[in-house]
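Undergrad: Sequence:
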Amino acid sequence: MVSKYKDKDAGVVVSFNGQWVSWAHTIVAYAAFLGALVVGVSLHYHKIVQNEFYGYPDEWFPSVSATIGDRYPERSVFMVLIAITSGPRFALVGLWYLLTARPGRTLPKVIAFFGVFRTLTCGGWTYITSTDDHDWHDIFMISYLVATIPWTFGCLALSPPNPRAIKLRKYLAGAFYGSLVPLIYFFIQHKVHRVAGAYTTYAFFEWSLILFDVGFDAVTALDFNTFELVVKDVKGTSKGVNTSSVPTAVLEKEKEKATGGVFAANFAMGEALDIAADVYHGFVFWSMLTSLGVTIWYFPLWHMGISGYEALVMSTISPALLSIKPLRSLIVRNLRIAHLLSLSALVAYLVRDPLYRLFTVGFGVMMGCLAWAATFYSESVHGPRLESRILAWTVGLLMSAVVKFAWHTNNPIWPIMHAANGGYNGTGLALAVLAALRFTRRAPLQSGDAPETKSGSSLLSAVSIGGLFFGLHSLLSDTSTMILWVWDGYPIRGPVSNVHAWYTIAAMTAGLLLGLLKPNLITSWTAYGVACLGATLLTLYSRWFGYLGALITAAYLMGISVPLVANASKKSPALTFGLGFFIYNLLVLFHVWVVAYAFVPGGPLVREHTDWVMITMMLFIGAGVFNLTSRSSGKKSSRRRPTSSPHRKYHFGTLGVLNVFFLSAAFIRFPTNDYKPYHAEDRLITAGIWTIHFSLDNDMWSSEYRMRDLIKELEVDVIGLLESDLQRIIMGNRDTTQFLAEDLGMYVDYGPGPNKHTWGAALLSKFPILNSTHHLLPSPVGELAPAIHATLDVYGSLVDVFVFHSGQEEDPEDRRLQSEYLAKLMGSSTRPSILLSYLVTRPLEGNYNTYSSATSGMHDVDPSDWDRWCEYILFKGLRRTGYARVSRSTITDTELQVAKFVVPATEEDGAAAWAADADARNRRVGEPEVPPGWRFPAMFRGEGVRGHRYHVFDEPRYYNY
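Take any residue in the sequence shown, note its place counting from 1, add 669, and you have its number in the numbering used here.
By construction, these hints were calculated from the structure, which means they are not laboratory data. Here the structure is a predicted model, which means the values were calculated and not measured. Any given hint might turn out to be false.
For lysine-lysine, the following DSBU-like pairs were computed, each having C-alpha atoms within a straight-line distance of at most 35 angstroms [to be verified]:
hint: 1; residue 1: K1239; residue 2: K1187
hint: 2; residue 1: K778; residue 2: K839
hint: 3; residue 1: K716; residue 2: K778
Using the sequences provided together with the hints, build the complete structure.
TA: Okay, here's the thing in structure tokens:
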């Protein structure tokens, strides 16, 4: 198209081609970074390659942040040039909008917004360094990275028909996102594993991101040559004219392929809100379902056995009521009421009495299961709408896992949460009401009287639904569950929850996309065989090999959920979902009884058989695969083909947003390694033992915030936690140790994992854990007794810490064998040692004399403390200076016991402490006789604070040192 302007207008002083905006932005941006690099290397080379662990020659290339950070003059060079860059940058975003805007199109406006937002946040993280304000630097950095995703994919989707520009954008965007994986890997190698030279490799990938990021925007020079400023459209590209020899249809298909179809034409805000509401409503369902087990678990905890309230687990079988045709018709015609009634489970946090709270949650779950089953059934006559509902439900599960990660494995809208412990119940409820109203705004497609599809077996479908629901809930409702299955202690040789959990989310996302886009593959026997292999690896192996099995299992469970739920929806919902949930409940009980066999009838038959649970789950899912592959044998119609549905681009976009949100939370939660003991100047170690009652307090609230406060105020450096394994459906698939470790700045060893069939033992330490071994002590009759044997680096000395939970009072032979095993284990160490334990014995009697004996070499922290039955602290090779017992308030059913030790500076001092006779070792002294740094906090004297006070002796005890 020829410009209508033959000559320059008289009033135009200067005009230039639009591509110079791109070139100006590119040149000045590169100059800002490279100029700072040249100046920094010239003037402060050794300083900018130095990091918190290593310097030159181990590290020999500086990171971006070190280069543009706090040193003069490189910081000034960078800031001046990056300020100059802002002008061309804003012009670039404006020109891109003018180039791509079309009447009635929303996407160009959205991308323009992200372009401006991205420019502003870039100024935030470049002008506010981590030294100035670490939190705001991270906030701006994360916001910039998040905004980069829609910017890059949006620019690809909106690219004018220019083949070269499209190709370059694809390559540069692919290189940018491809660099993130090795970038994260080498950062973990540096930050967590402290590998020399890893930060230099990380720095190369960090600089690559800068080059690719600026280069991506530089491609606009190929598009802006259509503009002449002041602004004349000399070629008409902004009107949609294709000046390329390549057909527009081919280029549009290429762009849609590059963006996964997410930004394909006709973005509608109303449809996006529909999908957002649907997914949030799915999240609410999973939040309610996962909360039921926790509220039930509270009661057998306090009854120390079956309470009767466990029967409420059967509230999920409410879809069986849909077998009554008049009731089914009533429910289907009034789905909005049913879904709104289910939200009562979210209101339960306002009910203070634990029993009534449980009943409120049970009613909400009953209505939720009923409403969702009826919804699936009513939409089953329309493939795309049914698929949209199933995606809302499955993506809602993924959202639940993402939110739980952000809240350290708690869900902020659970009924065990409230404002005092991090809950956002009111906000969650308000959003849930709005989401439910929008979710149900369209009338059902069929009434409750429609005949069910006869192809395939309803019974097999129900069996598969039971296995599927159990697998999704037990393994995927929290990203740390399967990681803890494969955890086996220090040194770290496998994934850890706060660093590698995104791999689980990525596998879930990939599996769901595979189930949608390749349904024939996911429903094949080949895929099922691979999934069985994955479940086997997860069950039998630890470390990365076991986690590989976990990722395979996660991907398969998410992928197979779409065809299995779709098939079940076309049959009688009373049978497929009613019986399906009943089978799910049996599996829930099964996977609890493998640990709780001592409290349930017939429990010993399934004792420690998680392998049986996994086999049963996979066999049940296999019944569904058989049902799908054989229902129309020999007919072409029996093979599902992917359907092109408008809702998919919004669901795919939601998956992307959830993954970005997860990565942002992971960035914020990334360990800092700033783990400092409270009294390093005195070489003091304060150790404690606490039975935390599965992190539920006496009033059924999640208790980690209150636990955190007491541990911090008592200045505990090392603490053993017992009854700490919460990674089961009945306990909410939680991990309290994550929150405590990150908030208190401590290393953590979770202890024997959920597949080891114990009630849990964990170790938190301000000192580095060099090595840890997990033990399952002899338990021929009763429950397995877990133990951790860890070696800590305490002020340069090696100190062994043992955390141990003995068997029950009802099993004396178990406890005798366990005492002998642990005594030998402690005696095998010649290092200074501390035992933090739950022994179930009286002082100076029975097994006590095995634990504290010549075999173990251990001494009781205070043999005169006659009032103990369970918790004990033993030690050797250390100089004990103090001992205290602190009341629990309403946090748990057991006090917190704490002891203070001075770590000998020399081997001679350690030998003297070891050889000291009992009279000298146990002589008590008054508090004024010990240095101030060795004393216990005075705030717990008298009435104490928040129900915590020194009790039994009414004050701490101090000893001769």
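Undergrad: Hints first: check each against the structure and report whether it holds.
TA: Each hint tested on the structure:
no.: 1; hint: K1239 to K1187; verdict: holds, 21 angstroms
no.: 2; hint: K778 to K839; verdict: holds, 22 angstroms
no.: 3; hint: K716 to K778; verdict: violated, 45 angstroms
In this structure, the one hint that does not hold is number 3.
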